[in-house]
Each structure stands twice: as structure tokens, then as C-alpha cells.
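*Asks:* So the protein sequences, as listed, match chains A and B.
Using our numbering, read the first sequence as starting at 1 and increasing by one per residue.
Using our numbering, read the second sequence as starting at 1 and increasing by one per residue.
Misleading hints may appear alongside valid ones.
[To be verified] If you want the footprint, here are the derived chain B segments under chain A, 3+ residues with CB under 8 angstroms:
#1 85–94
#2 120–133
#3 208–219
#4 222–234
[Unchecked claim] Straight-line C-alpha distance at most 20 angstroms; calculated EDC-like pairs for lysine to aspartate or glutamate:
#5 K144/A with D54/B
#6 K220/A with E231/A
#7 K264/A with E97/B
#8 K220/A with E97/B
[Unchecked claim] Cβ-Cβ distance ranges computed for the label pairs, FRET-style:
#9 D62/B with K414/A: 55 to 63 angstroms
#10 D550/A with H189/B: 45 to 53 angstroms
#11 E234/A with P64/B: 18 to 26 angstroms
It should be emphasised that the hints constitute simulated quantities derived from the structure, not laboratory data.
These numbers were taken from a predicted model, which means no experiment stands behind them.
C-beta: ideal position from N, C-alpha, C; glycine also.
The lines below spell out each chain.
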Amino acid sequence: MHDTLMHPPAPRPPRARPARFPATSVPRSFARATIFCLALAALAAPTSATEPGRGGTLVVAGGAGLRHLNPAVQSGAHTGLGVQLFAGLVRVDDGFRPRPYLAERWEISGDGLSYAFHLVPDARFHDGTPITAEDVAFSLAVVKEHHPFGIAMFDAVERVDTPDPHTAVIRLSRPHPALMQSLVPLLMPVIPKHVFGDGRDPKTHPMNAAPVGSGPFRFKEWARGRHVILERNEDFFIEGRPFLDRIVVKFFNLPSVRMLALEKGEVDYYPFAGVRFRDVASIADNPDLRVSTGGYEALGPVNYVEFNLRKPPFDDLRVRRAVAYAIDQDFLVNTLHGGLPRPGYGPLHHSSPFHADGLNRYAVDLERAATLLDEAGYEPDADGVRLRVVLDYPPFHADSLGTGANYIKSQLKKVGVAVRLRAPADLPSWAQRIGSWDYQFTMNSHWTYPDPVIGVHRIYLCGNIRKTIWSNTQGYCNERVDALLGEAGSTLDVARRKALYGEFQRIVSEELPLYFINEEPYVTVSHRTVMDPPETVWGAMQPLDRLWLDR
Amino acid sequence: MRLAPILGRRLLGAAALIAAVLLLNFILIHLAPGDPALTIAGGMGGVTEEILRDIRRAYGLDAPLHSQLLLYTERMLSGDLGRSLFYNAPVLDLILERLGPTVLLVLTAMSVALALGTFLGVLASRRPGGVVAHFVTGVTLAGYSAPAFWVGILLLLVFSAAIPLFPVSGMYDVRADGAGLPRALDVAHHLVLPAITLAIVFLAQYSRIARASMLDVLGADYIRTARAKGLSDRAVLYRHALRNAALPVVTLAGLQFGNMLSGAVLVETVFNWPGLGLLAFESILRRDHPTVLGILFFATAMVVVANLLTDIAYRIVDPRIRAGTAATGRPR
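So here's chain A without its partners, still in its complex pose (with noise of 0.2 angstroms):
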């Protein structure tokens, strides 16, 4: 056995709220006055320098889509509370390197196909019963079963052997280099076998409401649709740890009222924060406010335009091109978006160590679109249309998405496309029609997550081409992609999976079921008063264990 570090030797380029801009872009003034108040807030950021001080409440904005507080069984958004309330084994650094959690250390097989965690020996639940290596065997089964990428993580495991109630093993039917990865709490919470091991299903238990837990917050109270209360563990395993005594999370419907809380100090932490893109700047004018843009990159949000490649005129690929002749992303991105956002040229987030350069970028060209167009057979008529298409956009990431689709509208318009824009009633009216593939294209988002294994092969794999969204909806199948994204998701060669997911990229950017405009970039305002607010990779959606408020 020897340490091993799963993922790349290399970190990741350390995060600067600037450097996230485009080093190309040419900001005009509301971007520039972005990035200064940005850099501003960046140099005032609270940090550790002074001793942290214990107590105080924290009431954080969230949103009101809470269904319950087991993120064994959810993903997205609201899965992040979860993390307050459930331990994983590790946990990972700015640089995605795996950092002991639940379990303090350890060891990996040469073959890379037994993982030995030796856990905490006194990590008990918050009902104080001790966390054993049972409790981890059960929760990676439930999640493998139930979690919406259960599958993606875990298909690989083979069992978990359980030799002494402090060490968990686990077997691989084949090397999986995301494993590491998918252990964090927020993927693997580690879940009370005694609790939710009755036999019930995991997804609507009833203890998924008021859940029994082992990290640093335990469950007082929620209130639906109005707060929830955790408080502080006394019995955490990591000495010290958490600072604060309660975090309350308070629910909002408006953006702007959850933002006016903020400023009226009702509020004090808001991740995710639903601000446009140009509120941005005049927030950071704020003396009592802190805004970020940091970390996220776990989760690796891209926005695209998803093209239906089962129907015409998008299954024909010269169609597709002049769609994406026709964008000028640089004006999207720097000038629509303030240049807030940083654009996003193929599958994988920039922050991704596989991410490849020098895909085709599809620099805008309005003849080569028209050309292209021509090409297809769609001519123009007397008024000049060649073709009429409708696009549907989700009503979540309104700036990067609603915002781009009226753009993508008024250039489609100078090449002889005639778009009809579909806006959503709501979220499920969106995401049946897409999810029902009943669209021609749509603007659309998923999060890339920290291996491509969990986030990215789904949206390719011919094998995910189902009618639910966040799958393969465009109906896209190449058996080459296949063979890479199977291949990069069984070695370990960190240098081989660079090589499999650049080609990956370079089929998917030439063959365009997707083009991706820009990468969203999450809002974090807080109150001066909190004390090192967690930007790392996972953002909010990590341990609140560090944070302290300076009152």
C-alpha cells in the first residue's frame, strides 16, 4: 500500500477573483468598475490573522427549494445544507487534493483497486452513537442506488469490507480516478445505518426531514418554506470546531428582498446570490459588504445552447456551425455580461486539469454562417428568412441564458434565421418540454462537477440519451466519444486521461451538439463581520467548520 493522491500531481492554478476575467476580453467601463470593486473586496477579504471567535449566529439567504436535508439521495442547490449536517471521508483543498475528514488517513493499493479509510475512532452521530466503518459501507451503497449520479461515482465498487469498526475498504471491479473525489460530504454523506438502515426507501424517509447526523451542525429545526436551524455539534470530531454556535437559514422567494435583508443586516451570509450580473459592481460599493465571485469550480456550472440533433434543421451539423458563426461571444461575454462571466469554448470547465486549448473557438462570421446556411439547402425567401426555429430557455441563470437567447435571437436574425423565443412558464414546464426532447434548441446549463466522470460523461454517452433532463436530451452518439469518456473514466494515468478527454473535446467542440457560451460564475455576498467565508473549491457547499463571525 502506498499514499496516492488521485487526482493530478499538478494543483490547479490558484484562484484569483481577477484572473477569472478574460486576460483578452476588453472590458468597457461597467466591467472595469466590475473587476475594481472586485479586486477591492478581494483585498479587503476577511481572513484568519486574528484569533477566530467562538459563538454568534449566522443567518444565511437560501432559496426556497428545500425538499428535505439528505444530500445521500439529492443533488443540486439546496444539497449544500447538507453538508452542515453530514460528514464525509475527506474532504479536498483549493487544489482538489483529497484532506482527511472522517477518515484521518489512508492507503491505496498499487493496482489501484482497494481504497483502506482508517475513520476518526471517536466520530460519533449526533445522537452519540459511534460512526463505524458499517455506517460507511451503507451509506455508499444508498447513495449508489439512489443519488442521481450514484451510479457514475460507485459502479466501479465492487463491496465494502469492513475489518475492524474504524477501517472501511473499499474494492474496485476496475481503477476509478474520480473515486476520491465522489467521498467528499456533499457526494458521500456519511449516513446513520441505524437511522436509515429499517428498510424504508432512503428517498422519502422520514427522518430525510429532521436527519440524524455526524458533522458540525446538528438539526434543530425546520420550518418549511421559512427557516431552518442548525447548531452547533459539541461532539465534532475535529477539535474546536465549528466556531459558530447556530446557523439559520432563512428562505426567500425575491432575490432583490433577500438582497435588501442583506443590506439591512437581517441576513448575513448569501451564496448563490441572484443578483443580475450588472448589480454586481454598485453591491461591492457597499462599505458593509462583501462580494465574490471565488471558488465553485467543483462545481463547474457551463451555459451552452443545446441543439435537438434528431430533428432538421439542427441535425445537420452545417446548421449548427452557423449558429455558432453567427455569436460574436466576445460581445456576449464582455459586453452583455459585463464581462463577469468567463466564456466557455468546449465540455469541460476551465478550472478542469483536463481542460483542453485551442478548440475551435468559432470566431463570428456572419458570411461563413450564411454561406454555411446556403450549403444546408435553406435559402433565403422574399422577406429574406431561410428558416424559422424556436428556442427555449430555462428561467435559472437569467443573465448568461434569458439574456443570451434574445442576443442569439438578433444575430441569428442578420444571417436570415427567424427566432422565435419561448420563454418558461417555470422550471418544470422547461425542463419537461426539453426533458421530453419536444424543442428545437434551448439555452442550457450543468455543472461540470470536479471529474468529468461524475458530471460530464452523462451529458455525452450514448448510453445516457434518456428523456429526463440533465441526461444526453440532445440525442448526441458517437461511438469514438464513448470509447474515450469509457477509457478516461478507468485509468489512473493522469497524463493518458489529459490525452482521451482533449480528444473528447476537440470531437465534441468540431461536431457542435452543444456550443458553449460562458461559464456562470456564483455571486457570494456576505457581511463584513463574517470571518473567512469558505471560497474554495466547493464554495458554500463545503463544512462551515472554518467560519466565524468578527462581532
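Chain A is already provided as a structure; the job is to place chain B on it using the hints.
*Replies:* Quick look at chain B alone, frame taken from chain A:
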């Protein structure tokens, strides 16, 4: 005319009305686009088809619509409102958690609108063409015309942001552990802006009705007699005229209860007031059919009961109706 038979007939009618509304709601809500299973799946962050099938089976969404309706009817008859698709919790519990705040908000707003509206109506009726009357008409008309949503945001910006007199959101300060009187005062403090917002919309109607009714009554013979007796203007207005002019206002208040409930949806959303309106808004977006149907059932029942009580109230208050001369004697 005896009250009991009338009450019996009214109760039967009310039950039939509730049943009809429920049936209509059930059909309408299932005709709306959007699959609840996909919404749940979206909340889970995307799922496989197997999990989606499980969700549909677990919540009975795989059954044909008529089977779902049959099941729903059976449940309703046994007093079971079902389980929320979103929260996986009994709908009745969710509604009871939220009923208190909504009733508090609506009754407070109604009291404010009723009292202030009547007062303004009386004020305007003293000199119908005067400056005060025009001012009252202008102000109440503006309040009536402005959407509750907009009024709420405006009040927030003025009285929470610019002049920080009132809190921005919620029903009480979540940082405080208060109970008893301090919590009650905290709730009252949080209630001011939402209640005023909701009241403003209904103020105009009360003031207009009160004004018209007062003008009607002030021309009556007994008012002339009262003046001839040398009573003061104030005594004539408030002791003689208002008592008689208040009947239509009270009637309107009962009939407005349903409108108040629907207005509460917007007001609760703006102020994050944790009532039924907010739950309804969220549940519609989530395609949480059992919860939406449960709320509609409660709202229908409350409106029907309010109308019934109004009916009974003015039978008691107005001797002409009690005497069976309702066709001609109902207050205008």
C-alpha cells in the same frame, strides 16, 4: 323566518360548492403543463429513468387521471388531504403550519382597511365636492389601482431601506429566541408593512361604499329629524348615520375575504410572510398538486364560511331580513 332551516340549506349549498370547486381545481391543475415527477427529479439534480419511474410509482403519478381523481375523492371524504409531492409530508400539517400567519395577516389587513376605509368614506361624505373628498378619492383610487406587489416593494424601499423603521422580511427575527410578549411584539413589528400593503388595495372599496352609503343615509328623514332636534354634527354622523350606513360595508367585508386571501399570495411573496399564499405560490411552481389542492380546499372553505357568516350576521343585524322581507329589505 327561522334561522335553522335556512342555515341547513346554506350548509348543503356550501358543501356542493366546495365539491364542485375541488373537482374543477383537480382537472385544471392536472391539465397544466409540467410533470411533478420531473420537478422532483430536478430538485434531486437530475435522475435516471429508473428513479423517475420509482418517483411516479411512489406518488401514484403513474395511475390514469380518473384513478387519481377517485383516490383523491376517497381520501378527501376520509379527511385526508394527501401528502405533499415536494416535502413528502402530510398536506394538512403544511397547511396548518401556514394557516395562522395568513389569518393573522388577512384579519389585520381587513380590520385596517375596514376602519380606515369607513373613516375616509365618512370624511368624504361630509362635503362631497370638497377638497377632502377629492383628496380621499384620489388617494384611495391610487391605492386601488396600484398592484399589491408594487405597493409592497415601494413600502419596503421607503420604510425598510431608506427609513429603516420596519424589518424587510419574515414574521419574526430568526436570531432572537424570544417567546411570549417579546415575540408577539416582534411579530407585530414584522406585520405592519405586509398588513398595510394588503389593506391599501381594499381601502378604496370600503371608502367608496362607506361614502355612497353615508350620502344615502344622510338624506334620510330620521337624520333630518336628528338635526332638527339640535344634535351636534358629530353625533348625527357617527351615532345615527354611520350605524345605518355601516351595513353595506360589513357585507362587503365578508364578500371581500376571498379577494383578501388571493391578495395575500402576492403580499406574502414580497414580504416573505410564511403563510398559505406563499405556500400556494411555491407549490404551484413545483407542481405539488396535493398541496395546491389542499390550499384551494381551505381557501374555498374559508370563503364559503365567511360568506355564510356574513349572511347570518346581517340576518341578525337587520330586522327586515329576519322578518322575511329580504327581497326588498336587503341593505344596498
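*Asks:* Now tell me if each hint is right for this structure.
*Replies:* How the hints compare with the structure:
1. Restraint check on the stretch 85–94 of chain B versus chain A: 5 residues with Cβ-Cβ distances below 8 angstroms, three needed, restraint holds.
2. Figure legend: the stretch 120–133 of chain B, annotated as covered by chain A; annotation inconsistent (0 residues with Cβ-Cβ distances under 8 angstroms, at least 3 required).
3. With 0 residues having a Cβ less than 8 angstroms from any Cβ of chain A, the stretch 208–219 of chain B misses the three-residue criterion, and the hint is violated.
4. Counting residues of the stretch 222–234 of chain B whose CB lies closer than 8 angstroms to any CB of chain A gives 0, so the stated coverage by that chain is violated, three being the minimum.
5. With a C-alpha separation of about 15 angstroms, the suggested pairing of K144/A with D54/B holds against the 20 angstroms cut-off.
6. About 6 angstroms separates the Cα atoms of K220/A and E231/A, which keeps this hinted pair within 20 angstroms; it holds.
7. Distance check on the hinted pair: K264/A and E97/B sit about 27 angstroms apart at the alpha-carbon level, beyond 20 angstroms; violated.
8. The suggested pairing of K220/A with E97/B holds, with an alpha-carbon distance near 17 angstroms, which does not exceed 20 angstroms.
9. Judged by the Cβ atoms, the range 55 to 63 angstroms given for D62/B and K414/A is violated: they are separated by roughly 47 angstroms.
10. Against the hinted window of 45 to 53 angstroms, the Cβ-Cβ separation of D550/A and H189/B comes to about 27 angstroms, which falls outside the hint.
11. Under the hint 18 to 26 angstroms, the C-beta atoms of E234/A and P64/B, about 53 angstroms apart, miss the expected range.
The structure is inconsistent with the numbered hints 2, 3, 4, 7, 9, 10 and 11, although it conforms to all the rest.
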